[in-house]
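Asker: Here are the chains, one letter per residue:
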Amino acid sequence: MKALRSILILIALAVLIAVPWFGSDVLVQFGINALLLAVLAQGWNIIGGYTGYASFGNSAFYGLGSYGVGIAMVQWDLPFAAGLAFGVLLSVLFAILLGLPVLRLKGHYFAIATLALAQVMAAIVSNVKLAGQNIGLVLPPLNNDMLFYESSLALLVAVTLTIWWLSRSKFGFGLIAIRENEEGAKVMGVNTTLYKVMAFALSGVFSALAGGIHAYWVTFIDPESAFDISLNVKMIIMAVFGGPGTVLGPIVGAFSLSAISEVLSSEVTSIAGLFFGVVVVAAVVLMPRGLADIVRQFRKTGWRYFSENIKATRL
Amino acid sequence: LDLLLQILINGVLLGGLYAVMALGLALVWGVLNIVNLAHGAFIMLGAYLSWHLYTYLGIDPFLGLPITAVAMFAVGYVMQRGLLNLVVKAPMFNTLLITFGLEVVLTYLAQLAFSADFRTINPSYAGNSIQIGTVVLPLARLLAFGIAIVLTLAMWLFLLHTRLGRAIRATAQNLVAARLYGVEPRHLYAMTFGIGIGLAGAAGGLYGTVSQINPYIGATLTAKSFAIAIIGGLDNPLGVIVGGLFLGIIESLAVLYIGATFADVASFGVLVLVLIVRPSGLLGKTA
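Chains as they are written, first to last, in my numbering: chain A, 1 to 315; chain B, 1 to 287.
Calculated directly from the structure, the hints in this document are not laboratory data.
Warning: the hint list may mix true and false statements.
[What the hints assert, rightly or not] Derived pair list, reagent style DSSO-like, types lysine-lysine, alpha-carbon separation capped at 27 Å:
#1 B:Lys89 with A:Lys106
#2 A:Lys2 with A:Lys106
#3 B:Lys89 with A:Lys311
#4 A:Lys311 with A:Lys2
#5 A:Lys300 with B:Lys89
[Claimed, not checked] Here chain B is said to cover these stretches of chain A; the calculated rule only asks that three of the stretch's residues, wherever they fall, bring their Cβ under 8 Å from a Cβ of chain B:
#6 95-105
#7 223-236
#8 258-264
#9 284-297
[Said to hold, decoys possible] Covered by chain B, according to a simulated footprint, are these stretches of chain A (three or more residues, beta-carbon under 8 Å):
#10 119-130
#11 193-206
#12 272-280
By construction, the Cβ of each residue, glycine as well, lies at the ideal position given by its N, Cα and C atoms.
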């Protein structure tokens with residue numbers, strides 16, 4: 001069973017790697033988007049899924065990564081890799097400086113404080129000269145979708161391996177302990193502050209890299225799109241739809257939701273966004289623990305799975 | 001100094017409106033422990049309802065407020081009873097997500113039904129204003145402010161002195177004990193959510209008379225309401241007035257002294273600071 005699973009994963013990976021050689025341009029572009037969203041969903045999975053801190057501020061990391069690349073390449077004429085490193089540095093600093101006070105908050109308070117931080121970052125960036133203020137920055141174009149595709153895929157593999165490592169390391173178990181019972185974890189000797197800040201920074205590193213790749217790919221960034229709140233909500237929904245706190249769930253969630261909304265927006269443009277909202281509502285009511293949980297539980301309970309979920313949470 | 005005085009007055013007038021916006025959110029949060037991310041979308045719906053009443057039926061926006069509020073109350077009651085009661089006991093994160101989903105749905109429905117154009121509710125007296133010394137008080141804003149304060153005070157008295165109000169407060173403190181004393185939680189939760197949404201509808205009607213409306217105003221209004229609820233604390237409607245006035249004044253001052261682009265930085269910055277320093281609100285009990 002275990003061997004079968006790893007073979008299936010390897011085959012899926014091989015197919016994904018091969019996509020640019022046989023797929024059309026449209027498919028590759030859709031692929032880049034879906035891969036980057038999957039990276040973001042996985043990045044959120046570290047802080048939201050494993051540590052249990054519902055961050056609405058991961059889009060701040062994404063924006064910092066975009067602007068790291070933008071500022072380094074446009075203002076300082078540095079290569080792309082240096083820009084990525086700069087973006088990562090920015091977001092690690094952000095995670096440590098702001099994570100320390102904000103990670104003390106719990107529940108709703110943490111969610112909203114991070115949401116507000118992302119808003120503040122957008123407003124600050126739109127007033128910084130170096131970052132091109134409201135107008136944004138135009139990056140030198142690089143017409144090589146295959147490169148972007150493969151680097152996004154590599155990033156997704158990297159973040160997934162990191163999460164796989166989390167799921168079996170002391171650090172990862174510490175995070176899960178914090179999610180399940182923070183006081184308890186503390187009593188058991190987990191340095192909760194250090195663990196939380198590290199999880200926040202780790203999730204920020206991957207989000208920043210995704211932002212950097214995206215910025216160079218679309219060659220244009222402005223505060224509005226780089227710090228887009230709805231992007232943050234998207235990554236949460238994808239992670240939750242797939243199964244937060246699992247290794248592969250968020251990827252499945254990101255791919256399936258991207259595919260559905262791509263099909264819908266080409267067929268019926270006006271209701272694509274509406275559909276997204278309806279999926280969120282239905283998913284929370286019927287499958288609050290994501291696709292991964294359905295796969296695990298469905299054999300045992302069958303169709304009763306959905307009504308059991310409702311019974312568990314209704315008044 | 002005249003300018004400063006005028007700015008302060010504008011801030012206060014704006015703050016009264018903010019208070020009523022946040023009131024429903026704070027009520028639902030305090031009693032049901034749901035942070036309703038769709039709150040701003042309900043304010044938006046209330047504004048559109050009021051606009052339709054005025055434009056097609058000629059009902060004055062201020063006189064039409066009870067209609068808007070009652071209609072929105074019904075919407076809220078049904079929504080809680082039919083949908084949100086299914087997830088009340090789920091982890092807080094799920095309730096955040098479901099109300100966010102509702103926000104998306106409502107925004108898109110509003111866009112389909114009302115188009116994305118800006119609308120304003122402009123009764124004939126909208127341009128009138130009262131001048132006291134060098135300070136100008138726009139009539140519509142003054143009326144909106146007065147109604148907002150009256151609504152908030154009425155809400156406070158309602159919670160303190162009526163049977164339903166007491167039941168709501170009891171449930172907020174301890175659901176199990178309230179149940180033992182004969183409170184029917186499903187109905188009571190739906191009533192509370194309905195009242196919250198009714199208040200949002202009324203706030204929307206007022207908002208439409210002083211500002212432009214379009215389907216996308218919801219998210220910002222939710223964020224502001226949340227900030228006010230945090231600043232004022234959830235225990236008491238009077239805290240919401242303080243929070244609303246505080247935010248209104250801070251925003252007006254920020255526009256004057258640092259520039260309009262920083263108004264939102266100021267309000268969100270205050271929000272983050274308050275959260276870090278006093279997580280239970282400036283006036284709330286210390287945790």
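Asker: Give me the numbers of the hints this structure contradicts, sorted from smallest to largest.
Answerer: 2, 4, 8 and 11
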